[in-house]
Amino acid sequence: MMVEKVGQDKNHFLKGGALYSTSRPTYPEALADVLMASCVERGHALDVGCGSGQLSVLLGDRFQKVTATDPSQTQLDSAVSHATVTYKMEPAEQISLPNNSVDLISAAQAAHWFDLDLFYNEVRRIARPNAVIALVTYGVPTMKGDIGRLFEKFYWQDIHSFWPDGRQHVENGYKNLAFPFVEREMPELSISRQWSLNQLIAYIYTWSAMRRARDAGNGRIIDEFIREARRCWPDEESRKSVVWPVMGRLGAL
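Residue numbers (my numbering): 125 to 377.
Simulated from the structure, these hints should not be mistaken for laboratory data. Don't take every hint at face value.
[Unchecked claim] Computed list of lysine-lysine pairs in DSSO-like fashion (alpha-carbon distance at most 30 Å, straight line):
id : residue 1 : residue 2
1  : K268      : K364
2  : K212      : K189
3  : K299      : K268
4  : K277      : K364
5  : K268      : K212
6  : K277      : K299
Model, not experiment: these values are computed from the prediction.
Assemble the whole structure, with the sequences as input and the hints as a guide.
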């Protein structure tokens, strides 16, 4: 299976597809509109590292055909079906599409895990003339009030050292990733959700840093955060605003 070539040490999402699908924030329609508008042709889009297909299905509403790939079968098992989206299990560095066949190549919350040199070679091979590439990420969420301050401390001080290498690219919007394409401006976008405390906790349990902290015997910092969060958010079902900046790189081939 192609997933074996990726290596479990480099893929932090081989497990937990169902939790990822239900507990991660979904991308705004405005992002898919930006990607669609940037393309001259809208025949075929490729969404690489698609996870559970959150961006793939939005592209499916805007392109004639979408191929969505991910090296994790558990992620694909939780993917949302769509009439124009075809899911494939394969790594970003080995794309099973013919030469000159794709109008848009997107990678959402995934490019920081790729071998970019190999990925970019594949991008150039499969891209049609005037094709567009978009590397998209959403950054660290923010909240107001006591819970916002608690979350900020938990993220940047308590759990931060357990993130694998590459997380810094998410935090800075991919600005330091190699991007050898004719760059276009990426508009400022955001994801905004009204979440309960339990939804917030489910979201942080999708972080690879959480699993790495537990595996290292440091689950105490997670338990302490949850206890403190319940103190400053006593009505667990009340809703609070959670906002993620959507950032990335947009370019033409």
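So, going through the hints one by one against the coordinates:
1. Taking the CA atoms of K268 and K364, the gap is about 8 Å. The hint holds against a cut of 30 Å.
2. The suggested pairing of K212 with K189 holds, with an alpha-carbon distance near 14 Å, which does not exceed 30 Å.
3. Taking the CA atoms of K299 and K268, the gap is about 26 Å. The hint holds against a cut of 30 Å.
4. The suggested pairing of K277 with K364 holds, with an alpha-carbon distance near 18 Å, which does not exceed 30 Å.
5. Proposed proximity of K268 and K212 is contradicted: the alpha carbons are some 40 Å apart, above 30 Å.
6. With a C-alpha separation of about 24 Å, the suggested pairing of K277 with K299 holds against the 30 Å cut-off.
Hint 5 from the earlier list is the only one contradicted by this structure; the remaining hints agree with it.
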